[in-house]
Amino acid sequence: MAHQIEVDRLSKHYQVHEKEPGLAGSLRAFFARKYRVVKAVEEVSFSIDAGEMVGFLGPNGAGKTTTLKVLSGLLYPTSGRVTVMGFTPHKRQNDYLKQFTLVMGQKQQLMWDLPPMETFLVNQAIYEVPRVDFQAILKELDDLLELGPLLKKQVRKLSLGERMKCELAAALLHRPKVLFLDEPTIGLDVTMQARIREFIAEYNRRHGATVILTSHYMADVTALCDRIIVIDKGRLLYDGNFRALIERVAPYKVLKLQFEQQPDLAALARFGAVARADGLTAVLHVPRAHAAETAASLLAQIEVDDINFEEPAVEDIIRQVFAGKADGLLPEANTALPL
Amino acid sequence: MLSKYLSLMRLNWGLSLEYRAEGFIWLMTNMFNVIMLLVWLSISRAGPVNGFSSADFVAYYMIGLIVRQLTAAWSSWELSFAISEGRLSPQLLRPIHPIHQEITANWSEKVLRMTLLLPIVAAVLILTPGVSLHVTPASLLTFAVSVAGAWTIYFLADYCVGILAFWTTQATAFSNVLYGLKIVLGGILAPIQMFPPAVQALLEWLPFKYMLAFSSEIALGQASGERLLFGLAVQWAWVLALWLLMQVLWRLGIRSYGAVGA
Numbered sequence: 001m002a003h004q005i006e007v008d009r010l011s012k013h014y015q016v017h018e019k020e021p022g023l024a025g026s027l028r029a030f031f032a033r034k035y036r037v038v039k040a041v042e043e044v045s046f047s048i049d050a051g052e053m054v055g056f057l058g059p060n061g062a063g064k065t066t067t068l069k070v071l072s073g074l075l076y077p078t079s080g081r082v083t084v085m086g087f088t089p090h091k092r093q094n095d096y097l098k099q100f101t102l103v104m105g106q107k108q109q110l111m112w113d114l115p116p117m118e119t120f121l122v123n124q125a126i127y128e129v130p131r132v133d134f135q136a137i138l139k140e141l142d143d144l145l146e147l148g149p150l151l152k153k154q155v156r157k158l159s160l161g162e163r164m165k166c167e168l169a170a171a172l173l174h175r176p177k178v179l180f181l182d183e184p185t186i187g188l189d190v191t192m193q194a195r196i197r198e199f200i201a202e203y204n205r206r207h208g209a210t211v212i213l214t215s216h217y218m219a220d221v222t223a224l225c226d227r228i229i230v231i232d233k234g235r236l237l238y239d240g241n242f243r244a245l246i247e248r249v250a251p252y253k254v255l256k257l258q259f260e261q262q263p264d265l266a267a268l269a270r271f272g273a274v275a276r277a278d279g280l281t282a283v284l285h286v287p288r289a290h291a292a293e294t295a296a297s298l299l300a301q302i303e304v305d306d307i308n309f310e311e312p313a314v315e316d317i318i319r320q321v322f323a324g325k326a327d328g329l330l331p332e333a334n335t336a337l338p339l
Numbered sequence: 340m341l342s343k344y345l346s347l348m349r350l351n352w353g354l355s356l357e358y359r360a361e362g363f364i365w366l367m368t369n370m371f372n373v374i375m376l377l378v379w380l381s382i383s384r385a386g387p388v389n390g391f392s393s394a395d396f397v398a399y400y401m402i403g404l405i406v407r408q409l410t411a412a413w414s415s416w417e418l419s420f421a422i423s424e425g426r427l428s429p430q431l432l433r434p435i436h437p438i439h440q441e442i443t444a445n446w447s448e449k450v451l452r453m454t455l456l457l458p459i460v461a462a463v464l465i466l467t468p469g470v471s472l473h474v475t476p477a478s479l480l481t482f483a484v485s486v487a488g489a490w491t492i493y494f495l496a497d498y499c500v501g502i503l504a505f506w507t508t509q510a511t512a513f514s515n516v517l518y519g520l521k522i523v524l525g526g527i528l529a530p531i532q533m534f535p536p537a538v539q540a541l542l543e544w545l546p547f548k549y550m551l552a553f554s555s556e557i558a559l560g561q562a563s564g565e566r567l568l569f570g571l572a573v574q575w576a577w578v579l580a581l582w583l584l585m586q587v588l589w590r591l592g593i594r595s596y597g598a599v600g601a
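So the protein sequences, as listed, match chains A and B.
With the first letter of the first sequence counted as 1, position 10 gets the number 10 in the working numbering; the numbers rise by one all the way through.
With the first letter of the second sequence counted as 1, position 33 gets the number 372 in the working numbering; the numbers rise by one all the way through.
What the hints contain is simulated information worked out from the structure, not anything from laboratory work.
Be a bit skeptical, because a hint or two may be false.
Here are the computed lysine-lysine pairs in the BS3-like style, where the Cα-Cα straight-line distance is at most 25 Å [claimed, not checked]: (1) Lys177(A) / Lys343(B); (2) Lys449(B) / Lys177(A); (3) Lys107(A) / Lys152(A); (4) Lys39(A) / Lys233(A); (5) Lys152(A) / Lys343(B); (6) Lys107(A) / Lys177(A); (7) Lys34(A) / Lys233(A); (8) Lys157(A) / Lys177(A); (9) Lys139(A) / Lys343(B); (10) Lys449(B) / Lys98(A); (11) Lys449(B) / Lys91(A); (12) Lys139(A) / Lys153(A); (13) Lys107(A) / Lys39(A); (14) Lys177(A) / Lys153(A); (15) Lys107(A) / Lys449(B).
Just need the whole structure built from these sequences, with the hints factored in.
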């Protein structure tokens, strides 16, 4: 069976012109403009099934947003083939536009000077949502996001978090089957991030919607997505299960130790790789499979004040992937694809 | 489509009211019509100029004021900024062409401006002695058709200018050129009859006259019979041509849209 979203060797190149700073640079740029081709996305392939929640990870400028814009039909691909629900996005057929949504944390669709409800009503008409359905959908969104009093306030008077809730609601009134969420929690405080996250999870559960999510906040991705796609410099680095990636890049647990007196580092090193040691604390990387036994024998042989197991920080793992320390990920990842 | 238009109209009407002071100030920019009227009144004091009496100038410029207001368009500015700042993206995601947002915004603004302008123009026309307007059911109908044509021509030309921003990032300079041409060749600087015959003959075929002066001529009874039909034919041919041009430009432009930001 065909996948809901199929991306086959997608490339998107931009031509940008460069300007040196200052007046002289401006003059030079005016008379002899230098162009450079930026390869925002290069030969990226993946496919996603209906109902999946997939996280796009990558540093700034990696090509995540560009990929989402191509999937949304905002950008023409330079080469490659993209289909979503059988549609070619850049043709922007109305039947396609009615079935997905793109939420950009840094862009808004709500009319700045009017209350959100005005935009909602326009969307109802434009997406041809029957009145009865509209009422029901609005009620559901209101229950989940607690929009209540926000709906009648001017958008410019809403806080960032309130506005984001209304943006999400506006984007979901036509009950899209596919959600492209680009940094939906950017700039929000931790509580609001968690709210938005819960909402996305709930929406996926209730309606079986497919979600592609990009975020700088690792917590968003760890909470929502089993599967991640890692992109850097326009290229796909990893596609597969999140936990599997962690186990491959970081096949250890982090053992945090607290001592009463300065420990013997050579003795510690017998139990695992010493990642850090300063004064009375030390951090060991212990092989995942033997974590418990190692801890037990360590406790038996060395006097320890406090001991603590932790999972490696996801940020660190991703940084390692970007830094290329996770060589050999790609071929294996490709075989792991549900093709 | 009707319900989509109604809801967009409602939204934009709300925005127009939100900015009602601004709408009033835009109306004041039409002082140029009044200034040109005063200039021509002082010239025509000695006697009619090219068949225009003082009262004709009053009628021409007052009707012109209404036509100019009804046919004003500024979507090139909106579109140009929306493209250069990436604000077009949310509009492109909706299952309706962004031009419809601009059309309804334009119409909503017109309702507000007309409620302010019509009483003033009516008072001037009634109080000025010797003003004669050509008012018959047929002339009212043709006037309405010509104003609709004038609006469409200028709106589409202006929208095409806005589309250029897909390639140039900013298109507001071009839109000033278009506006200038409308002022000079469209009959605001001077009625078309004031131009040398050779220029008049040329203007018959260009779109500018049909953005403005043509409708005023109909109201003043200066265009009738064959001349009227010829004018309407040329006007609506331009409507069709510009509509096609808009479609082609849009299709090409959207390919190079960068969807910047975010």
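Exercise. Holds or violated: Lys139(A) with Lys343(B), Cα cutoff 25 Å?
Worked result: The hint holds at about 22 Å.
Exercise. When you check the alpha-carbon spacing of Lys107(A) and Lys177(A), does it fall within 25 Å?
Worked result: Cα-Cα ~21 Å, so holds.
For this session: Could you grab the alpha-carbon distance between Lys107(A) and Lys39(A) and see if it respects the 25 Å cut-off?
Result: Distance ~23 Å between Lys107(A) and Lys39(A) Cα, so the pair holds.
Exercise. Taking 25 Å as the top limit, are the C-alpha atoms of Lys177(A) and Lys153(A) close enough?
Worked result: violated, 29 Å
For this session: Compare the distance between the alpha carbons of Lys449(B) and Lys91(A) with 25 Å, and conclude whether the hinted pair is satisfied.
Result: Violated, at roughly 34 Å.
Exercise. Has the given pair, Lys139(A) with Lys153(A), been kept, meaning a C-alpha gap of at most 25 Å?
Worked result: holds, 18 Å
For this session: Would you check the hint for Lys177(A) and Lys343(B), treating anything up to 25 Å between C-alpha atoms as holding?
Result: holds, 22 Å
Exercise. Within 25 Å, alpha carbon to alpha carbon, are Lys157(A) and Lys177(A)?
Worked result: violated, 31 Å
For this session: Compare the distance between the alpha carbons of Lys449(B) and Lys177(A) with 25 Å, and conclude whether the hinted pair is satisfied.
Result: Since the Cα atoms of Lys449(B) and Lys177(A) sit roughly 39 Å apart, the hinted pair is violated (cutoff 25 Å).
Exercise. Straight-line Cα separation of Lys152(A) and Lys343(B) no greater than 25 Å?
Worked result: holds, 21 Å
For this session: Starting from Lys107(A), check that the Cα of Lys152(A) is at most 25 Å away, please.
Result: holds, 21 Å
Exercise. Within 25 Å, alpha carbon to alpha carbon, are Lys34(A) and Lys233(A)?
Worked result: Roughly 22 Å separates the two Cα atoms, so the pair holds.
Of the hints listed earlier, those the structure fails to meet are numbers 2, 8, 10, 11, 14, 15, in rising order.
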